[in-house]
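Participant: Chains as they are written, first to last, in this note's numbering: chain A, 1 to 260; chain B, 1 to 231.
Treat the hints as calculated values from the structure; they're not laboratory data.
There may be inaccurate statements among the hints.
As the list claims (entries may be wrong) - Simulated DEER-style distance windows between Cβ atoms: (1) B:Trp43 - A:Arg48: 18 to 24 Å; (2) A:Asp163 - B:Ala210: 47 to 53 Å; (3) B:Thr70 - A:Ser161: 26 to 32 Å; (4) B:Leu220 - A:Ser65: 51 to 57 Å; (5) B:Glu218 - A:Asp57: 52 to 58 Å; (6) A:Asp57 - B:Phe29: 52 to 58 Å.
Virtual Cβ for every residue (Gly too), placed ideally from N, Cα, C.
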Amino acid sequence: MLRVDVAKQLGEFSLQAAFTSEGRVTGLFGASGAGKTSLIGMIAGLLRPDRGVISIDGEVLDDTSMRVHVPPHRRRIGYVFQDARLFPHLSVAQNLDYGRRMNRLAEDPAQRTRVTDLLDIGSLLDRRPGQLSGGERQRVALGRALLSKPRLLLLDEPLGSLDEGRKVEILPYLVRLRDEASIPMVYVSHDAAELRQVATQIVMLRNGRVTAFGGVKVFRARSRPPDRSNPERSSIAARLRDVADGTLLIAPIAFATAAK
Amino acid sequence: MLDISPTEWTAILLSLRVAIIATLVATPFGIGLAWLLARRDFWGKSALDALVHLPLVLPPVVTGYLLLLTFGRRGLVGAWLADHLGIVFAFRWTGAALACGVMSFPLLVRPIRLSIEAIDRRLEQAAGTLGAAPWQVFTTVTLPLALPGVLAGMVLGFAKAIGEFGATITFVSNIPGETQTISSAIYSLIQTPDGDTAALRLVVISIVIAMGALIASEWLARRATKRLHGN
Numbered sequence: 001m002l003r004v005d006v007a008k009q010l011g012e013f014s015l016q017a018a019f020t021s022e023g024r025v026t027g028l029f030g031a032s033g034a035g036k037t038s039l040i041g042m043i044a045g046l047l048r049p050d051r052g053v054i055s056i057d058g059e060v061l062d063d064t065s066m067r068v069h070v071p072p073h074r075r076r077i078g079y080v081f082q083d084a085r086l087f088p089h090l091s092v093a094q095n096l097d098y099g100r101r102m103n104r105l106a107e108d109p110a111q112r113t114r115v116t117d118l119l120d121i122g123s124l125l126d127r128r129p130g131q132l133s134g135g136e137r138q139r140v141a142l143g144r145a146l147l148s149k150p151r152l153l154l155l156d157e158p159l160g161s162l163d164e165g166r167k168v169e170i171l172p173y174l175v176r177l178r179d180e181a182s183i184p185m186v187y188v189s190h191d192a193a194e195l196r197q198v199a200t201q202i203v204m205l206r207n208g209r210v211t212a213f214g215g216v217k218v219f220r221a222r223s224r225p226p227d228r229s230n231p232e233r234s235s236i237a238a239r240l241r242d243v244a245d246g247t248l249l250i251a252p253i254a255f256a257t258a259a260k
Numbered sequence: 001m002l003d004i005s006p007t008e009w010t011a012i013l014l015s016l017r018v019a020i021i022a023t024l025v026a027t028p029f030g031i032g033l034a035w036l037l038a039r040r041d042f043w044g045k046s047a048l049d050a051l052v053h054l055p056l057v058l059p060p061v062v063t064g065y066l067l068l069l070t071f072g073r074r075g076l077v078g079a080w081l082a083d084h085l086g087i088v089f090a091f092r093w094t095g096a097a098l099a100c101g102v103m104s105f106p107l108l109v110r111p112i113r114l115s116i117e118a119i120d121r122r123l124e125q126a127a128g129t130l131g132a133a134p135w136q137v138f139t140t141v142t143l144p145l146a147l148p149g150v151l152a153g154m155v156l157g158f159a160k161a162i163g164e165f166g167a168t169i170t171f172v173s174n175i176p177g178e179t180q181t182i183s184s185a186i187y188s189l190i191q192t193p194d195g196d197t198a199a200l201r202l203v204v205i206s207i208v209i210a211m212g213a214l215i216a217s218e219w220l221a222r223r224a225t226k227r228l229h230g231n
């Protein structure tokens with residue numbers, strides 16, 4: 001279980017967010033500038049909160065009142081960046097192996113085969129990142145993070161740098177990853193449709209604050225036709241349809257009801 | 001013409017030895033300092049930066065004299081080193097290597113620093129999230145990516161070291177077989193009445209060495225860049 005309760009001032013922008021998640025895939029949803037990347041940066045340990053606590057399965061990673069801050073390399077939290085960030089001087093195989101080597105884990109060929117099969121990157125092993133397409137690069141980045149055997153995987157808009165066609169190419173892999181790998185994930189996106197397919201739980205962020213929290217029904221309610229037999233639900237559905245896709249001008253109360 | 005005398009050979013070999021040792025010993029310090037200047041903010045950083053560049057702008061005689069004052073037999077550091085570790089720099093080839101190392105240091109540090117500054121720090125962050133401790137990030141990501149800069153710095157440093165004259169002759173004098181490098185040998189030869197031919201021979205040899213170093217560096221840099229960015 002991931003527990004986050006943090007505050008951080010970044011210039012003019014103040015981020016203050018609290019949530020706990022037990023779902024397999026927690027979708028962190030919000031427009032750009034809502035503080036999503038800063039929030040998972042803190043979970044990864046790349047950013048230090050001004051105040052607050054971050055813990056995972058009861059193990060404290062950050063606790064400002066106790067002056068605890070576990071550095072990123074000791075957190076065992078994988079991070080898939082929007083721009084892949086593969087090491088350009090290493091081959092795909094060496095990139096995939098990097099986390100295992102740094103953590104001094106024993107070789108695990110079976111796991112490696114599983115991951116390369118799952119992501120369909122077995123044929124790319126000898127190549128350099130410079131010779132890969134955007135979609136291939138992102139799949140290798142996913143594999144690299146998975147093979148470092150993290151206890152939590154953070155995905156920061158993993159499809160963000162890809163065009164529509166490529167997104168459709170990667171999405172099935174992410175769904176497979178959710179269903180076949182037993183690693184909990186935090187999936188950051190500003191795309192409701194994407195999260196609807198991948199996430200099991202949603203945290204909504206707006207201007208640095210959590211505005212809603214609940215199951216993915218939050219999104220499903222929006223796409224469903226109004227239920228005539230239930231005036232209350234239909235009015236919510238109508239309200240939900242009224243807000244433009246992807247915006248966050250939705251009162252948390254509407255979600256509380258819709259998620260029931 | 002190319003009938004090289006034993007004294008000249010000695011000077012050539014000594015020059016090569018002095019320049020190679022100076023470069024090899026200075027490189028780790030250069031990398032450390034370049035990293036510090038590129039990546040850390042600390043009190044006195046600009047002063048340190050200025051100090052590193054000082055040999056570039058000071059008259060070489062001044063640097064040589066300062067070395068003599070510090071590392072000479074009766075110098076502050078020199079006396080201590082001689083008494084405790086048995087290391088003597090004054091009027092030895094090791095002193096020539098020290099002088100060359102100090103004089104070439106700014107040229108060695110600069111390209112390394114620039115190449116470290118050019119590395120995408122987000123790659124180092126990514127390495128951290130994969131479990132690499134800071135020193136592992138340095139050895140597996142920063143250093144390999146800075147390699148072209150390190151090579152460029154080493155070649156520049158070597159070129160400077162092999163041509164060094166002023167600081168070396170001030171610090172360790174011009175003793176054939178011990179501290180007489182190609183440069184100081186040429187200097188002695190042009191002052192002797194019939195040394196012209198011998199001086200010219202050494203001039204040709206220095207040109208050959210310099211060209212060789214430049215070609216080698218070009219080749220190495222191209223190979224390193226290729227290695228970095230895929231075949």
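Participant: For each hint given before, does the structure comply? Return the numbers of the non-compliant ones in rising order.
Facilitator: Checked against the structure, the hints that fail are numbers 3 and 6, while the rest are satisfied.
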